[in-house]
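Chain by chain, the residues run as shown.
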Amino acid sequence: MTNKENLSPEAQEYQAFQQQRETKRPVLLNCLKAFLVGGTICCIGQVIATLYIYFFPFTERTAGNPTSATIIFITMILTGFGIYDRLGQFAGAGTAVPVSGFANAVISSAIEHRTEGFILGVGTNMLKLAGPVIVYGVFSAFIIALIKTILITWGGF
Amino acid sequence: MIFFWAFVVGGLICVIGQIMFDVFKLTPAHTLTILVIFGAILDGFGLYEPLIDFAGAGATVPITSFGNALVHGAMAEAEKHGLIGVITGIFEVTSAGISAAIIFGVIGALLFKPKG
Numbered sequence: 001m002t003n004k005e006n007l008s009p010e011a012q013e014y015q016a017f018q019q020q021r022e023t024k025r026p027v028l029l030n031c032l033k034a035f036l037v038g039g040t041i042c043c044i045g046q047v048i049a050t051l052y053i054y055f056f057p058f059t060e061r062t063a064g065n066p067t068s069a070t071i072i073f074i075t076m077i078l079t080g081f082g083i084y085d086r087l088g089q090f091a092g093a094g095t096a097v098p099v100s101g102f103a104n105a106v107i108s109s110a111i112e113h114r115t116e117g118f119i120l121g122v123g124t125n126m127l128k129l130a131g132p133v134i135v136y137g138v139f140s141a142f143i144i145a146l147i148k149t150i151l152i153t154w155g156g157f
Numbered sequence: 001m002i003f004f005w006a007f008v009v010g011g012l013i014c015v016i017g018q019i020m021f022d023v024f025k026l027t028p029a030h031t032l033t034i035l036v037i038f039g040a041i042l043d044g045f046g047l048y049e050p051l052i053d054f055a056g057a058g059a060t061v062p063i064t065s066f067g068n069a070l071v072h073g074a075m076a077e078a079e080k081h082g083l084i085g086v087i088t089g090i091f092e093v094t095s096a097g098i099s100a101a102i103i104f105g106v107i108g109a110l111l112f113k114p115k116g
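Keeping their order, the protein sequence lines are chains A and B. Each residue of the first sequence is one higher than the last, beginning at 1 in my numbering. Each residue of the second sequence is one higher than the last, beginning at 1 in my numbering.
A portion of the hints provided could be inaccurate.
[Stated by the list, open to error] List time: in silico DSBU-like cross-link candidates among lysine-lysine, alpha-carbon distance up to 35 Å:
| no. | chain 1 | residue 1 | chain 2 | residue 2 |
| --- | --- | --- | --- | --- |
| 1 | A | K24 | A | K128 |
| 2 | B | K115 | A | K128 |
| 3 | A | K24 | B | K115 |
| 4 | B | K80 | A | K24 |
| 5 | B | K115 | B | K25 |
| 6 | A | K33 | B | K80 |
These aren't lab readings, by the way, just hints derived from the structure by calculation.
The task is simple: from the sequences and hints, build the whole structure.
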């Protein structure tokens, strides 16, 4: 976001013109697509989780981890053949929000940067897009768990 | 029935993400970061586990469950070791998602070539 007061009058005029000409995003249609594709991915996840519960010693609550790993494996194949990105253009957040979107961000940047070598290319760029998620996920979890622990230990909750 | 609720709840979390994209014009990185923090806060209030019981994969597959799992690991260790457990336990439950993403990322880079 640029600060409006620092812009010259021409630039402000141009910004207003740009906003006026910007194509309106079909929000409702996009939400419907995201709902259908996102829901389908979660439904597939539920099928995988059910298989893990029936054929392996997992419970409803512990089946989440192997399910994520399986979804990430499937995402690797789909990303490698370029199918996931095409699906993402159609579904928007429907493919970005499930764990497969996180995996796609990691795997696609790993594949994209392999020409720069495995250490400097794949290694350094792999977590570029997923980095903020891990960093702020860990930090917020730390703060929340810290507050909760202090409340439980000294607050007697 | 769990399949139906997985579809509905998972779909709705994606719709929240789509609204953040389209209405608030956030980048995917901002959206995912906010969703993860949101999941962590929900678990802080003990609201995420009931959602998992209700919707199954509809709650565990979206990225919000990552925040939930981080807090969960930290709290499980904190119960055993006190404050230091908050730091040592954070990745305990989440390790599957991150390790799988990294492992399959490297394998993917070995197997596939970038396109055009």
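Now for the hints, and whether the structure bears them out:
no.: 1; hint: A:K24 to A:K128; verdict: holds (30 Å)
no.: 2; hint: B:K115 to A:K128; verdict: holds (19 Å)
no.: 3; hint: A:K24 to B:K115; verdict: holds (31 Å)
no.: 4; hint: B:K80 to A:K24; verdict: violated (53 Å)
no.: 5; hint: B:K115 to B:K25; verdict: holds (29 Å)
no.: 6; hint: A:K33 to B:K80; verdict: violated (45 Å)
Checked against the numbered hints given earlier, the structure breaks hints 4, 6 and satisfies all the rest.
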